[in-house]
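Following the hints, position chain B against chain A.
Which chain is which? The protein sequence lines are A and B, in order. Here my numbering is used: position 26 in the first sequence is 26, and no number is missing along the way. To convert, count from 1 in the second sequence and add 1000; that's my numbering.
Hints are computed from structural coordinates only; laboratory data are not their basis. Check before you lean on any hint, since a few could be wrong.
Listed next, the in silico BS3-like pairs over lysine-lysine satisfying Cα-Cα at most 30 Å (straight line) [as the list claims (entries may be wrong)]:
1. B:Lys-1032 with A:Lys-166
2. A:Lys-71 with A:Lys-42
3. A:Lys-166 with A:Lys-139
4. A:Lys-12 with B:Lys-1066
5. B:Lys-1012 with A:Lys-66
6. B:Lys-1012 with A:Lys-12
Protein chains: 2
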Amino acid sequence: MDPKKTRDLPGKTIERLSQYRRILFNSTNEGKTNIYSHELAKVMNLTPVQVRRDLMLIGYSGSQSKGYVIKDLIALIGSIIDSKEPQNVAIVGMGNLGRAITSYFSGKRDRLSIVAAFDNDPQKTDRIIGGVPCHHINKISEVIPAMNIKMAILTVAPEGTFDVAKMLMNAGVKGLLNYTSVPLTVPDNIHLEEYDIITSLEKLAFFVKQDFDE
Amino acid sequence: MDPKKTRDLPGKTIERLSQYRRILFNSTNEGKTNIYSHELAKVMNLTPVQVRRDLMLIGYSGSQSKGYVIKDLIALIGSIIDSKEPQNVAIVGMGNLGRAITSYFSGKRDRLSIVAAFDNDPQKTDRIIGGVPCHHINKISEVIPAMNIKMAILTVAPEGTFDVAKMLMNAGVKGLLNYTSVPLTVPDNIHLEEYDIITSLEKLAFFVKQDFDE
Chain A
1 MDPKKTRDLP GKTIERLSQY RRILFNSTNE GKTNIYSHEL AKVMNLTPVQ VRRDLMLIGY
61 SGSQSKGYVI KDLIALIGSI IDSKEPQNVA IVGMGNLGRA ITSYFSGKRD RLSIVAAFDN
121 DPQKTDRIIG GVPCHHINKI SEVIPAMNIK MAILTVAPEG TFDVAKMLMN AGVKGLLNYT
181 SVPLTVPDNI HLEEYDIITS LEKLAFFVKQ DFDE
Chain B
1001 MDPKKTRDLP GKTIERLSQY RRILFNSTNE GKTNIYSHEL AKVMNLTPVQ VRRDLMLIGY
1061 SGSQSKGYVI KDLIALIGSI IDSKEPQNVA IVGMGNLGRA ITSYFSGKRD RLSIVAAFDN
1121 DPQKTDRIIG GVPCHHINKI SEVIPAMNIK MAILTVAPEG TFDVAKMLMN AGVKGLLNYT
1181 SVPLTVPDNI HLEEYDIITS LEKLAFFVKQ DFDE
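So here's chain A without its partners, still in its complex pose (with noise of 0.2 Å):
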């Protein structure tokens, strides 16, 4: 694919080539080599024209008697959301969720890699912990730029939030991954993923309440 033109795919729609590729590699599993478009739809809750949309977008179509050859559309989804070179990522904020985000990641990917963590707790600095190095939030400004680091994820206390965003963008970090409480507001430059963990249990409490109201 074009690069010009894959720089334009919008968020929602890598969001969803990444469920696609989900729903792709459990296909495979199952033994099927083609996919209807109808199918996917069908997993996603989309009509079958928004799949179609999508994978348009991306300069694949499927044939009509047979769907989309499943290996090759993983191969091109891949092709697209997997990077080439290492990236480096940064977690600011130690306490539970930021050694629990740290450790869980640990490994899982070659080419994306916590490689510094920041705190402001002069017992959680100047160690390692959960494999990487903790350094002060004062440090931000130093660290970022020598580690070429255009990533972080955010697990400060809400207070914090706000200061902590600002450090790391005037530092160079082009993406935030945010799962402090606090709503950021960013420029037009700067990645952002928010994740609300009540959004989810919102959701499972609607089909759980479904179920006892007969």
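This is chain B only, laid out in the frame that chain A set:
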């Protein structure tokens, strides 16, 4: 909305309703009173047809000239997503992630509360952790029905995931939020949400690498 119909709403639609609601809250804060399907579609990168289809599923259609009335749509989505009765939640695995989620969640929602924790480490059991009583895992079959718990959050070590999920389901849990790195397969009458931190980071990595692919 007819409860029979609400029940039939698919998970991906509920997720999108929750995302629409978040956008609507933001629009209200910006002083807007009405919004068009193409505006919602743009933020979510969906087709306007997909947005209209989702909202027609919950029995709502806007006017062509004025779009949707934001406050009515927020109220309608709330009446579908939010539960009337309080729902009790358990968390299993009081390591870093379990403790982080418990304290994060504390007091965030009136109708959803974490009321019991479980672990197999005697250092952690028969104590209050993060405001929640922590029991030994072998008390699951006793505590879950006694406290009318229908939902559980899994933050155990990978090797324990499968057994703990089974114990919870046997004890009457109908909804599982799985934060372990082990994917679960559950019977049709159980609701499962899985969240993979790596997917979020991969999506972020995609956008960050674009900026340097020139």
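Now the hints, each set against the structure:
1. Taking the CA atoms of B:Lys-1032 and A:Lys-166, the gap is about 29 Å. The hint holds against a cut of 30 Å.
2. Proposed proximity of A:Lys-71 and A:Lys-42 is supported: the alpha carbons are some 20 Å apart, at most 30 Å.
3. For the hint pairing A:Lys-166 with A:Lys-139, the CA-to-CA distance comes to about 14 Å; that is within 30 Å, so the pair holds.
4. For the suggested pair A:Lys-12 and B:Lys-1066, the alpha carbons sit about 26 Å apart, so the restraint of at most 30 Å is met.
5. About 26 Å separates the Cα atoms of B:Lys-1012 and A:Lys-66, which keeps this hinted pair within 30 Å; it holds.
6. Taken as a hint, the B:Lys-1012 and A:Lys-12 pair is honoured in the structure, with Cα atoms around 13 Å apart against an allowance of 30 Å.
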